[in-house]
Every structure is written in C-alpha cells, then in structure tokens.
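Colleague: Take these sequences, add in the hints, and give me the full structure.
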Amino acid sequence: MSPELLGAIPDITLGHVVMICISLGMVYLGIAKGYEPLLLIPIGVGVLLANLPSTGIAEDDGMLGILRKAGLDTELFPLLMFLGVGALTDFTPMLQNPTTVLLGAAAQFGIFAALIAALALGWDLQTAAAIGIIGSADGPTTIFVSTKLADIELWGPIAVAAYSYMAMVPIIQPPIMRLLTTKRERLIRMPYPSRSASRKAKIMFPLIVIILASLIAPASAPLVGMLMFGNLLREAGVVERLSQSAQNELINITTIFLGLTVGSTMTAERFLEQQTIGIFLLGLFSFTIATATGVIFGKIMCYASGGKINPLIGAAGVSAIPMAARVVQKVGQEEDPENWLIMHAMGPNVAGVLGSAIAGGVILGILA
Amino acid sequence: MPEEIVKSIEEGLYVATIGMGLVFFSLLMFLLVLVVIRRVFPDDDHTGDMPTTPTEAKLAPTEALLEKIYIDPPKESITGEKVAAMAVAIYLQMENLEKVQMPEPVLSEVGHIGLIESSNWKLKGRNTFMNNQGQRPSTFRQRGRSNHQQRRGF
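Heads up: the protein sequence lines correspond to chains A and B, in order. According to the working numbering, the first sequence is numbered sequentially starting from 1. According to the working numbering, the second sequence is numbered sequentially starting from 1.
What the hints contain is simulated information worked out from the structure, not anything from laboratory work. Take the hints with a grain of salt, since some may be wrong.
[What the hints assert, rightly or not] Derived lysine-lysine pairs resembling DSBU-like cross-links, with alpha carbons at most 35 Å apart:
hint: 1; chain 1: A; residue 1: Lys308; chain 2: B; residue 2: Lys122
hint: 2; chain 1: A; residue 1: Lys330; chain 2: B; residue 2: Lys7
hint: 3; chain 1: B; residue 1: Lys122; chain 2: A; residue 2: Lys200
Modeller: What follows is the structure in structure tokens.
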C-alpha cells in the first residue's frame, strides 16, 4: 500500500477533530432540527472539507479556495444573494402602511449597540462594526460588511453567529417582546387595509429607492441596488423568466457556494479561539437590543397613533424575514387567537431588510 | 478603563450617532417617497387573490375565462334552461371521461404572486379539486402531494 494513501491520518490534530464534530453538529441541526438548513448544511460541509488534513481543498489553489477568492473576497456572492432576496420580497405590506418603515429603522440600533459593546471589550473599530452587523439579522449584509471590515479568521464565526441567531429568532424574541409590552398592548387589533398598492407604485418604489439610497449612503449602493433590482424584476411583470431565475436558480446556486466558502474559512486554527465566543455573545446582545428597540419604538408609535398600532410588530423590524413576522403573529395570538398580526408585521420586516442594507452601507461609508 | 478603550468608545458613539441618524433619515425619505407614490399612483380597489392587472397574472385559459366573466359579466342573463343544459353537458362529459380534465395552470405563466396575494396554492388546490371531480374519494395514504409513487402497506 502506498504510504500517501493513509498519509492524512498522522496529521489529524485535536483541533481538526473538534472542528469535524462542529461541522457534523451543524449538518445535524440543519437536517434533524431544521435550523436554517439551506445555510447550515453547506456551511457544515464547508467546515468539514476545510478541516480534513492534507486535502488542500481550502488552500488558495484548492477548489474552495478558488471559490472563496472569486465570490467572497470580491463580495460577489452576498450581492447575488441579495438580488434573489429582492426578487423574493414583496414590499406591498410596507406600501400599504408606510409608517411601519420607521420600525425597520429603529431595529437597526442593535448593530450600533453591539459595536459600542465590542469596543468596550477591546476590539478595534472595524472589527467591532463587523461584529455589530450580526444584529442586522441579514445574512448577505453581514457577510458583505464583515468581509470588507474584518480579518478572514472572523468571517466564518460572524456568518455562523448571524445565521444561528436568525434560526433562533423564535427563541430569542418572545421573552423580550413579552417583557416590554403589557397585555393590553399585545391585545391591540390592527385593521387590514382595504386596498392593495398599485402596480405602478410597486414598480416606481425600487427605482426611487436605488437613486435615494445611493445619494444618501453611496456605499450602500451595491446592496440596495441588487435588492431593488431583484424586486423590480419581480414587480415589472414582463420579465417573469428573469424573476423566477433570481428567486430560484440564482439564489440557490449562490447559497450553495456562499455556504461552502464561508464554511471553508472556519479552520481549526482560525475558529478555535477565545474571540469566537466573544463574537457569539456579542451577536446575541445585538439581536436582543435590536428586538428591544424595535418593540420600544413600536410602543412610541402605539401612543402616537392613539393605540392603533400593536407594539409587537416592532420586533419584526429585525430583518429575519419572514421568521420575525411569524414570531409576532405567534406572540400576538397567545393573548388573542383571533388577532392576525402577520401581514402588519411584514411591513416592518421588509423595511428591516432595507434598513439593514442602508445600515451596512452607512458603516462601510464611515469605516471602510 | 484604559484611556485607549474610552477613546475608541467615543469613536463608536460618534459612528452610532451618525449611523442611526443616516438610517432614520434614509428610511424617513423612503416613507415620504411611499406617501408621494401612493398619492400619484392611487391604490387598487381590489385586494386578496385578485391580480392587480391582467398582465400581472397570466392565467391558464379556463382561469382567464372565469376572470373575464367575473370582471366583465355577459349582458344577457343566464336563464334556467341554459343552466340545465350546462349541467347536462357536464354530466355527460363526466360519464364519458370518468373525470373532468381541467387544464393545469402552468406555474411559470401564473406570473408574480406576492406574499399577500398568494394565490399559487389556491390555484393548485382548486385545480386538484376540479380534476378529482367525479372520482371516488381516495384513501388517506393515496393522497400524495407529489407525483412520486406512494408506498402501499407495510
């Protein structure tokens, strides 16, 4: 037997074994528990491949290394994913109830709170911002910003923290929502708008947003541009094939590549560091503050509107779409099973996607 | 706390203030844009499953015909005789074919279906229902959601 055939076995270290266990854990959580399987399975397999010794697959000239250089170092994959997200997102709830846009802005405070907390723990400003962006609850934005601001060893932990907490939104958000609202507030029923937004409005909106966002925060142009381009394909009604491609093939292929490449950055020597724990804790802090500020702003809007807005919908301002809106629905129905809040929550939810892209662009504009 | 960290926290507070200010300003601008757009392009009267425009949802022929009848009903009223004739025709058709074949809507032609105006499942369900007319109800295990062969028995 050729000695090269079993040559990798002596190279296995404890770190490799731990990382292989982590990768198998991710795959297990994705398949058995259904936690963000679309991302956790490719990331888990990426981690597995990168931590098998002597394969060289995650090296610069290896398959995953080439993919990483082509799509992650250039920020191409997150942007292509955002195009798909735009094609999948329906902004109608926001168009029907424009005031909910502000809830999407309020929930971005979690990003900046985590940034300050990371600075207090001794991180530098760039890295702190990359960690804080976990609170945007938006995978592509998180990866886009972190790959520009943070070192490569942090890309994996930041992306995994973001997707893990997005999967745990139904666990993280409800206690905060209950703590910050009274029963009376949770019982508020919101009337459904009797009219739907016109097709012309739906077409004009993405075009105007591209122009405005690029003028206010030029660094957000790639993110907002791709998001709104995807949405324009969807709303135009004459490029159905392109819209379907963006909603299905493009986003699926990009998800596979993005997951694999992000996973491939999580090698034992990079991931098994004390800072990884810090990133996960700060990510949780960021999510918590984002939810809390969303609900608090919802309460302010509730008082301002004379009790017409249920403050629970503020929690949907974090852009974990549509999970956050579903959580609002569930918490609302715990008090009143006949209260249907999901479509009201979709307004701040899609505004959150927009808000997180703007926040990412603003951070890049100031720090990059 | 070391002076270096205090200084970086000050920087962070500056970034947070500017950042949140710009995020709120941007979304406030979008709010104004939304209000203006809604003024300029008034909302549609109908909601729910109704498509916004005929081009937005290119439905299969039967659906399109039903829609045409719904939007633009025929001027002459349908008399009881016509209804009876239609019922007989449907019965004879069912007798011959055992089941009435309704055209499946081509999903790629259904067009954009939004989160709110989600009629995709309804269309699918309605057609499944129509295609099953005249058939005996199937047992639970035979009701597959996919075209895959269902396992029978153990």
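Colleague: Please go over all the hints and tell whether each is borne out by the structure.
Modeller: Status of each hint after checking the structure:
1. A/Lys308 - B/Lys122: Measuring from Cα to Cα gives roughly 32 Å; hence the hint holds.
2. A/Lys330 - B/Lys7: Given that 35 Å is the threshold and the Cα spacing comes to 43 Å, the pair is violated.
3. B/Lys122 - A/Lys200: 26 Å, holds
Consistency with the previously given hints fails for number 2 only.
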